[in-house]
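Student: Protein chains in written order, with my numbering: chain A, 1 to 988; chain B, 1 to 199.
Derived by calculation from the structure, the hints in this document are not laboratory data. Among these hints, one or two may not hold up.
As the list claims (entries may be wrong) - Chain B stretches covered by chain A per the calculated footprint, using a threshold of three residues with CB under 8 Å from any CB of chain A:
no., stretch
1, 27 to 40
2, 55 to 68
3, 94 to 103
4, 108 to 115
5, 158 to 170
6, 175 to 181
Ideal Cβ positions, reconstructed from N, Cα and C, are used throughout, including at glycine.
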Amino acid sequence: MSGGASTQPRRLASGGAIDRSQPLEFRFDGRTYTGYAGDTLASALVANGVRLLGRSFKYHRPRGLLCAGPEEPNALVELRDGARREPNTRATVVELFGGLEAASQNRWPSLAFDVLAVNRWLGPVFAAGFYYKTFMWPAAFWERLYEPLIRRAAGLGRIATGPDPDGYEKSYAFCDLLVIGAGPAGLAAALTAGRAGLRVLLIDEDFLPGGRLNAERQLLDGRPAREWAAAAVAELGSLPSVRLMRRTTVVGCYDHGVYGALERVHDHRPAPPPFEPRQRLWRIACRHCVLASGAYERPLLFGDNDLPGVMLAGAVRTYANRFAALAGRRAVVFADNDEGAVTAADLVAAGADVVALVDPRTAPGATGVERIAGVVRRAIGGQGLRGVEILAADGSVRRIACDLLAMSGGWSPALQLTAHHGGRPRWDDRLGTFLPGTLPAGMMVAGAANGDFTTEAALAAGVRAALAAAAALGHAAAPVALPSVSPESVGHRPLWEVAGTRGKCFVDFQHDVAVTDIELAEREGYRAAEHMKRYTTLGMATDQGKTASLNGLAVLAARTGRSIAATGTTTFRPPVVPVAIGALAGTHRGRDFRPLRLTAAHAWAVEQGAIFMETGPWLRAQYFPRPGEPTWLESVTREVNATRQAVGVCDVSTLGKIDLQGPDACEFLERLYVNGWRTLAVGRARYGLMLREDGMVMDDGTVSRLGEHRYLITTTTANAVAVFQHMQWCHQVLWPGLDVQFVSVSDQWAQYSVAGPRARELLRAVVAAEHDLSNEAFPYMAAGTLRLRDDTVARLFRISFSGEHAYEIAVPARAGERVVRMLMAAGAPLGVTPYGLEALGAMRIEKGHVAGNELSGQTTAHDLGFGKMLSTKKDYIGAVLARRAALTDPDRPRLVGLAPVGRGDRFGAGAHLVRRGVEPVAAADEGYVTSAAFSPTLGHWIGLGLLRRGPERHGERVVAFDPLRGRRTELEVRDPVFVDPAGERLRV
Amino acid sequence: MSEGSNSVLIPGRTGRADGRAGLLVRECQGLALASLVARRGRVREAAEAARAAFGVALPLVARAAGNERVTFVWAGPGQWLVETSDARGDIEAFLAPALGSLAAICDQSDSRVVIELAGTAVRDVLAKGVPIDLHPRAFGVGDVALTAAHHVGLHLRQVSEEPRYRISVVRSYFGSFRHWLESSAAEFGCEVLAPLGAG
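I would like the entire structure built from these sequences, with the hints used as guidance.
Tutor: Shown next as structure tokens:
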């Protein structure tokens, strides 16, 4: 099978935009073939005479190429292999490269012999709506049997299961004029705007710009159209304000002139070169847009119109003229428009035998080709076309042998992007197609996308659109001189359907929707376009019905007796072509999913062997394991004991820090917090609690008065941003009259907790000698600025979260790592120990301090034991709604301490609290454990919880029911402060 | 690399190794920074006071204005980031005599990492994350933007025609930003130069 490459039997000896000096070997379904640089996978297969490219979705019918462009419904292949395998790749847009590996899809065991082709004979079972009818009963079978079966039978290729080895990225672009499509209209628009100096972004999804100019034998100024396109592209390349992006598809039109585009940067190589992405997703903001996206040719509806060898006429011309590949040797052309003659002439010129031109109209023929007035009513063949059955206008039926049928039902503008803002396409009776309707702001449409189906009209429309954009932007622009175009004829009378057909007549090739399915949908009441679409799934495959939707609407219109205009279109939504999730994710994957914040002393913590955990965007040290500590519990126990018995150091830099200044700063605090601030002296700190407007607790922290009109606010790590936003909203919206200024200083200061009975000794060793740290000079809740022995400026706060004699020392962030090392060195003789978040949490639970678990957004100040803090002398945010009956209900769950009755028992946060002897059901729920930890100080597990009427129930026993962990623990309800309830340690 | 060390960028080449690096990066060290927020209704007085004391008025639009002593970078309505290498260790004291009664002054010298970006590919690199138009017709020398890349907030301005951009990044996010920058510049080659103003 492998070995010698085949000889490209269908390749023409000359012509085409391919480079015969660059042969490329590739493999399809395990066989080696050769194509040329400039080929697509599809054109190379045509050149090699390969007609059978896949099996259809539902009936596993043999399928070949229908199109030569992005609208292809049939020729979906799996491209590449292993982790790079990409299913549902359209062979018509895959640029050929040496070593390309592709495989057909949806067949087993092989493309030529496919077991599930038996589905063809089960046709009636798979009619429209078959999912809903066939797999209804028994319901339990759906998940276990039917769905896996359907997925296997109807799958469109296999995804890669390994991590994608390639990179993706996003990029932003801006321009005055975005031109979508580099065919005649787009090139003319870009030239006009570019010469006028506009910033132009010209985007084309092909690797060879030019659109149909590359595919037709037309002459522009007496030269082949392709040469004119190449010259235009060359000129655009020389204009400094123009950028041409190839291999890029605009996939969506968004608000305010923003467009999304997918650039296939290196899809045309086996793998991207080092440091480069495979694909790039662009967000383009433009002031004006010229949509020159061209049009899609429509198939004709006759029996077995999906046989390999039945191809759109425009595609046949593309393969012959652009790729020098002949799709068949003995051809019949069937068209309801003047391009039938063009196709016949092109095929003759390429050396094919054109045996008949079939056209229901009386229209001009082509030299040397028999002209038959009539229709093709059926294609004949097994795995490929062998002939056609023709019904002539005189009623006679003829069978003609052929291996290619080139068909054309006219063209439908590629108007998806015009409709992404909800604009409905409008029907044009003269052209027999939908044209763009209400356009998104800033968009103009030119060329075939707007129904300008001749090259001459498309060129002129492109110029007009660019001139309009230039004028709107205030640029002087001159129309470019347009080339003379060889005569064109685009007469068309839409046939829509061939009457009296035999065999299946496909409308949506990719989803195997036939005329009979639309008829069934109509009979069952699905008469609206949107209903018919969903019932039949017409237009819902990966090609989104680009070749199918108008034909489907026409059939529905005929069956319902309405006009196509009245039937209307379905809704167009982005993306226009499938976009890989990898491209949407860009660089936001794995560790880079979101940015990470690191504290100033992160490197020191790494050195200390810290285990880190994520708290919001921050990485914080959870604990510092030492040799011989089998689990975290031993490490945390050591850290707590060392802190409570000597001194510990913890990095608390992640707390939010806000510098507040201004003559009204105190008044601002009065309104933000529940408690009062007028008596806070300079050099003192105070605990503060703030509510949300709805009366629930928002956050807590300390406020230190640094000067007459200057305060430092701290917030919890989790709420740092939310509190700052809240303050901004209060200031800008509620009280703009207050003269206050505040900025975040969270990143300015690195901050370390120094806690334990030997904390003062440790600080004494690092703080400059002139500062008095005695209890009298620097008492509990003192705050001040001082210098360290190495002259570092520092702020010292005598505050405590652990319940120990404790300080927090803040230094400028760049000094953070140095200062923490200084603390560790100076503290070594005192037994200083770094502690992490777990030890911090254990100590704050021992002390009964609330934290994030209790500040859950569902708790009130009363619930948490802060009722007495609520000032009655002033108004503050949340004051009114905090007095709602439901928030002051004595039955509310309130904060308690919890300890196991069996001292060896363990319990965890999230366990629900019920009375003893009561069935643990939701109705019996009285609250839950909010925080739990092993208390090294007490030698058993302790917790905090919210319990109905909790403070009245100290001494009672309740049960913690924890179905998640399978635990049921008897607990004693008690005061939440387990350690030093009188607070003596704080004040020594 | 040590995130806590004074030098947040280690000189050297990353990404594509051949040819001239498309992105040149250097850290600006030795700068003192402060946020300056005008007291209520005192924006114009503050602007004039700055002109009287430093010879540079505070910019009232998204621009930077400066001289060899000090640069005022717009940071929002009535707000500026002040950059100077002339503060002798206390930027609040440096600014207070002229502006203390008209604006809140707060030292931010450690809160940001300030870097400069240049090179032939600098706009292409920034376009991979910065959602604003840096084309010379849209953004020139002295223009300022508060923007973001890869979800990291940036205070960005253009400092010279070549073009050269100066960016300040919140210090705790700098590691993530640097990673994004180096990845985005990899296809062009990225060269970290010796810091500016070190010593």
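Student: Now tell me if each hint is right for this structure.
Tutor: Consistency of the hints with the structure:
no.: 1; hint: 27 to 40; in the structure: holds (count 5)
no.: 2; hint: 55 to 68; in the structure: violated (count 0)
no.: 3; hint: 94 to 103; in the structure: violated (count 1)
no.: 4; hint: 108 to 115; in the structure: holds (count 5)
no.: 5; hint: 158 to 170; in the structure: violated (count 1)
no.: 6; hint: 175 to 181; in the structure: holds (count 5)
When each numbered hint is compared with the structure, violations occur for hints 2, 3, 5.
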